[in-house]
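2 protein chains.
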Amino acid sequence: MREVLILTENELRQAVTLDIESVSLIGKAFEQLSAGTVSMPPILRMDMEDKNGEVDVKTAYVPGLDGFAIKVSPGFFDNPKKGLSTTSGLMIVHDADTGFVRAILLDNGYLTDVRTAAAGAVAAQALARENATRAGVIGTGVQARLQMQALCMVRSIETILVWGRDAEKAAACADDIERATGTEVRVADSVADVVTGSNIVVTTTPSRSPLITADMLHPGLHITAMGSDAEHKNEIAPEVIAEVDVFACDRHQQSAHLGELHHAIGAGTVPEDMPVAELGAILSGTIPGRTDADQITLCDLTGTGVQDTAIATHTLAVCLANGFGTKIAN
Amino acid sequence: MREVLILTENELRQAVTLDIESVSLIGKAFEQLSAGTVSMPPILRMDMEDKNGEVDVKTAYVPGLDGFAIKVSPGFFDNPKKGLSTTSGLMIVHDADTGFVRAILLDNGYLTDVRTAAAGAVAAQALARENATRAGVIGTGVQARLQMQALCMVRSIETILVWGRDAEKAAACADDIERATGTEVRVADSVADVVTGSNIVVTTTPSRSPLITADMLHPGLHITAMGSDAEHKNEIAPEVIAEVDVFACDRHQQSAHLGELHHAIGAGTVPEDMPVAELGAILSGTIPGRTDADQITLCDLTGTGVQDTAIATHTLAVCLANGFGTKIAN
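Line by line, the protein sequences give chains A and B.
For the first sequence, the numbering used here begins at 32 and goes up steadily by one.
For the second sequence, the numbering used here begins at 32 and goes up steadily by one.
It is possible that part of the hints are untrue.
Stated by the list, open to error - Quick list of the computed label-pair ranges, beta carbon to beta carbon:
id, chain 1, residue 1, chain 2, residue 2, range
1, B, A245, A, F108, 51 to 57 Å
2, B, E303, A, D78, 24 to 30 Å
3, A, K113, B, P319, 42 to 48 Å
4, A, F108, B, G95, 17 to 23 Å
As the list claims (entries may be wrong) - 30 Å max Cα-Cα, derived DSSO-like pairs, lysine-lysine:
id, chain 1, residue 1, chain 2, residue 2
5, B, K358, A, K358
6, B, K59, A, K358
7, A, K82, B, K112
8, A, K358, B, K112
9, B, K358, A, K113
No lab work stands behind these hints: they were computed from the structure.
Glycine residues also receive a C-beta, built at the ideal position from the N, C-alpha and C atoms.
Could you put the whole structure together from the sequences, leaning on the hints where they help?
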């Protein structure tokens, strides 16, 4: 008789938080991904149009880890009207030697929030100016908050600008970020105000048309675009991709199919074979990231299964060490 | 606070068995699939070569059902050397209105076994001669046993021939089938003996080279090929696909990429646009199946997410009605 460990969101929140350890874990995962040893298939995605819903499944196998994770992320966009969260889901950790199910992490999307924010910090570490002090965020959701928290762990941020379509939500988001980071936070009047006033900008929206345009760029800027994870989403104008000095991403193939690179190739502003720096390759020193304080850099994050395997196996180890969870004999 | 219901293999085995109700359920699922209302993305597949392992994820959304399932099927082929089963895994049932996780079905592959065998019975119902009495099975694993049990529910089978590469395993399989079905079962000397001596043959192997060749075909034969579910697997010679009167399958697109059709197209024995009858279309009467007792028919089963959603949502309903499972507050 085998056992499966069931972990609740509450237990998972106790086990792992967005901290410098999570950031380091995700950075290492990207290095493994770019080193070519990881097996990571394309994302499974299913749309349920009559429900305004979708589900994504991601996975990756990292040789050397004792487990691999499968992450299931539903997104149902009418949920907020019912007072429910848009996203939910879970991660499954399998034994890497037998394939057997070891644990179910009922995180309702929490671990995805953590690993996504951690990836933003990794992107800033790899590409943003060391002396960046002014940050900005486009969007007012959970990731707007978490991305700014993560960024403050890796750069000495002094001021943060927030922009969202809904001024009330932007104000609430600014308050939350100020409380969480102890940094001075202001609501900006426009995307252009955020970008021109910041050294580092993170875009966190599900936008279907570009928010950041080429006229907003200025020397030394770093942009992390984390909103687009599907063909129809687009936060960055195709001209921007052509103008930046370094175009980086978590996974080249995904950015070219689901992310910002996809739109730039489609618009013809960049060639299909344009040079792309994967974060992992920059982190491991295989290819350069920012080489000059005045360069403009951009990192497109589409979200990868290797992040899920990294956070899930780490979280399970912490939970086991703490005796968390309900064991189901099976 | 929401609840997630955790169901063990034991509970699932009590809730659902391979019976005529499961067969009917799977037949209905195929009809829905071929009617075009179902959303079913391509299978996610990841190989872990250094572990001789793989994992498949399947899903489908059937409008009208209150849930959709995601099925995770690991296959680790060194497990038997350790005294462990090759396959394992689980199904997750999500609420179709919110995407939230309703239940985890820790079936270790049991529900896949049931829905796969049920699909074999559906294929025989749709395509085999009404008066078929002689059946044969190639392979000696769990599906060899279950396919013959399922077949005996839908046709009046009097004798069964079994062939496997390992004579000892074939004998054990024959004994098990005889006990389960009450039918006379014999071990055959060759694949050719099975095929020439049967009205209905089911192939259940992971073979990488064809087992059934064109010279074995005879009038009135029906073959169900359920072994191939990946590019490199192949049970039926390309010439056979060209010679049969009706080529059917569970899902055209999958057969053309992962199944027997894929090899025939690759070998050039059939054109890419050859007429293919999906099981669901035959069952709903949209296109004819067998129209003459002397026709030779073949059905390629690659396994579909719609079967998983059908069996999982049905099983969950039975479990809820019986008060099965462990509720986890989350």
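Hint by hint, here is what the structure shows:
no.	hint	verdict
1	A245/B to F108/A: 51 to 57 Å	holds (53 Å)
2	E303/B to D78/A: 24 to 30 Å	holds (27 Å)
3	K113/A to P319/B: 42 to 48 Å	holds (46 Å)
4	F108/A to G95/B: 17 to 23 Å	holds (20 Å)
5	K358/B to K358/A	holds (12 Å)
6	K59/B to K358/A	violated (36 Å)
7	K82/A to K112/B	violated (46 Å)
8	K358/A to K112/B	holds (27 Å)
9	K358/B to K113/A	holds (24 Å)
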